[in-house]
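The primary structure of each chain is shown beneath.
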Amino acid sequence: MKTAQETSRVLTTKSLSPAALPDMDGWVQFANSAEAAGIESVLLSFSRYEPDTFAIACAVGRATTKLKFIAAYRTGFMQPAMFVQQINTLSGLINGRVALNIVAGSSIVEQRGYGDFLEHDERYARADEFLGICHSFWRNGAEVTFSGKYWQIEGGRLLTPFTAPNRTAPEIYVAGHSEQAQQLALSQGSCWMRLIDTPEKLEPTVAYFKERGVEVGLRLCVICRPTREEAIVAARALLPDEEIEKQERRILSSSDSQTLKDALSAAAPIPPHLRCSAVLRPAPDAS
Amino acid sequence: MALRFHWMLPKAGEVVVGQRQTPLAAARYRLESTRADSPAPRPEMEGWTHFAEAAEQAGIESVLVSFSKYEPDPFMVSCALGQATKKLKFIAAYRSGLMLPTTFVQQFNTTAAFINGRIALNLVAGSSTAEQRGYGDYLPHDDRYARAEEFLAVCNKFWLAEGDVDFDGKYYRVEKGELHTPFLSPDRRTPEIYISGHSENAERLASAQGTCLLRVADSPEKLASAVARVRQLGLEVCLRICVLCRPSREEAIQVATSLLPERVDLQHERSATVKNDSQMYREASAVAEQKDHWLTRSLWAGLTPHYGPVWMTLLGTPQDLAEAFLEFKAIGITQFILSGWPELDEVVTFGEKVLPLVRTAERSCAQVVAQ
Chain A
1 MKTAQETSRV LTTKSLSPAA LPDMDGWVQF ANSAEAAGIE SVLLSFSRYE PDTFAIACAV
61 GRATTKLKFI AAYRTGFMQP AMFVQQINTL SGLINGRVAL NIVAGSSIVE QRGYGDFLEH
121 DERYARADEF LGICHSFWRN GAEVTFSGKY WQIEGGRLLT PFTAPNRTAP EIYVAGHSEQ
181 AQQLALSQGS CWMRLIDTPE KLEPTVAYFK ERGVEVGLRL CVICRPTREE AIVAARALLP
241 DEEIEKQERR ILSSSDSQTL KDALSAAAPI PPHLRCSAVL RPAPDAS
Chain B
1 MALRFHWMLP KAGEVVVGQR QTPLAAARYR LESTRADSPA PRPEMEGWTH FAEAAEQAGI
61 ESVLVSFSKY EPDPFMVSCA LGQATKKLKF IAAYRSGLML PTTFVQQFNT TAAFINGRIA
121 LNLVAGSSTA EQRGYGDYLP HDDRYARAEE FLAVCNKFWL AEGDVDFDGK YYRVEKGELH
181 TPFLSPDRRT PEIYISGHSE NAERLASAQG TCLLRVADSP EKLASAVARV RQLGLEVCLR
241 ICVLCRPSRE EAIQVATSLL PERVDLQHER SATVKNDSQM YREASAVAEQ KDHWLTRSLW
301 AGLTPHYGPV WMTLLGTPQD LAEAFLEFKA IGITQFILSG WPELDEVVTF GEKVLPLVRT
361 AERSCAQVVA Q
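So the protein sequences, as listed, match chains A and B.
The first sequence: position 63 = 63 (my numbering), numbered continuously.
The second sequence: position 259 = 259 (my numbering), numbered continuously.
Be aware that one or more of the hints could be misleading.
What the hints assert, rightly or not - DSS-like mimics (lysine-lysine), calculated; alpha carbons at most 25 Å apart, straight line:
| # | chain 1 | residue 1 | chain 2 | residue 2 |
| --- | --- | --- | --- | --- |
| 1 | B | K176 | A | K14 |
| 2 | B | K157 | A | K14 |
| 3 | B | K157 | B | K170 |
In case anyone wonders, no lab produced these hints; they're calculated from the structure.
Every value quoted in this text rests on a predicted model; they were computed, and no experiment measured them.
Starting from the given sequences, assemble the full structure and let the hints guide the process.
Here it is as structure tokens:
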């Protein structure tokens, strides 16, 4: 068992962290427990600090039978045709147990390290075109031709289909709190992923998405104990020391993600003992 | 150094456990694999695993996993099949220009970590213009090599870097690139990189960023000077060639000629396999027009005008084939990527009959040198 400090996000970004290396034994053990617990999918986050999500889904998916994989990927790093060929192949290898968590981007620094120099808003416009092309491939009819601002394609055709027992295209989770992220979820996604808030606050937005046929998924952490008091004690034990907290904040505030901005401002005025731990965990948008 | 032998990974669905293909059925399967109703685009682990075990058993070092719009993605295939095998390596083909190098390295390193570093890269600068455009790539042939060189330069920087990676080129720009997942392999710091192609551009790219030049076979006589030049640059040379081994030369010739299109109705697939704007295809097609298609006593180009240059065939008895490999070795060739009809039977024959002869000859040659 590891302590909160040992599993801190800050530590996983250090170059000597074991988080950078695939860990089949640990992952398969967790996957088996998750399957037994009735968990449908695991989210695989994407960052420069971690192994590639498609390869993980492939390897762990081959070692499991029911669990699905929501693979996070950032648009803009790959031609859409190439991307579709990879995820279609993956679906064929793990019986369709793969969904996508599409992320338009992360911090400017990290994006540039990937060779992507677009600004936040443009990244969403590009993601919209990207997913539009992907959907054309998944509709699997005529050849795909597209001439957009960010992508061009002429006579695109891929023979490897997306294979799943009950779908011809993957579920697409779009993460992000910004207006653009919401629009993208509505235009191209099947589910909008966001951080948790009170049901009261969430209600109107959720209703809006539901009317338009898009689900809403919440990202949150859980602590369950026999009594509420024990749960609170366990939660408090996770509070980081001052230095780690400072570093966490530095990582989060360097991002131009709206989700993280929202989360930071939501968390700041709240006394530390009530703060939602989700704020300081890898958020879906940071993946 | 002992010759290194690799094999083409059969198309998905080509190897069916418990069923035997005739050479003709295998040839037809491959030619028809670009059709929408072929099973080839769908990953098929059972047949692949069966083949991979036979290849390991036969002493084959790696399988080449090819890349095209007709086939599953080579990285995913290598990752899945690598977990079902222990020794076999994977030469994953990939076209530069379809992915940013940082992401590419992240995928490559992750795949390597799952399969104990048993992965190499076959970088192809591009294919036909039409297929490239279907992937969203509009660069002309010559620019594709310049871009591939930048691509591999960034990749090699990541593999060799001690700190952040910065690159400012014509095609790629990376600022403070950082990846924490390293390339891990028991004996290498960077993967082997095979560059395909016959053009000067391909040679230059291989010399700048690769470890091995991969080309279609020709007679040792014709290849000798080019191979010597490439070896001088510190590169290995690998030949792509089909093998057809039978107890007698006559039987081998009979099987080979039975694959000619006038003997069967395979003609209609010609356009799909031969149309290509690469230098390799033009050159190999020209070679195939010569004489009676016998480039040496065992090297036959009879199928290449119909099905493309990778159908260049080395045929004969185990002894004929072993001698031919050693002749190639004598001019500096170090590796081969083989293929046969069907792949499974031919790899078994190769492992049982041909490879032991090659190894024996190599050992006695080494003894002569030692004396």
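Taking the hints in turn, this is what the structure says about them:
1. B:K176 to A:K14: 15 Å, holds
2. B:K157 to A:K14: Distance of about 20 Å is within 25 Å: holds.
3. B:K157 to B:K170: 16 Å, holds
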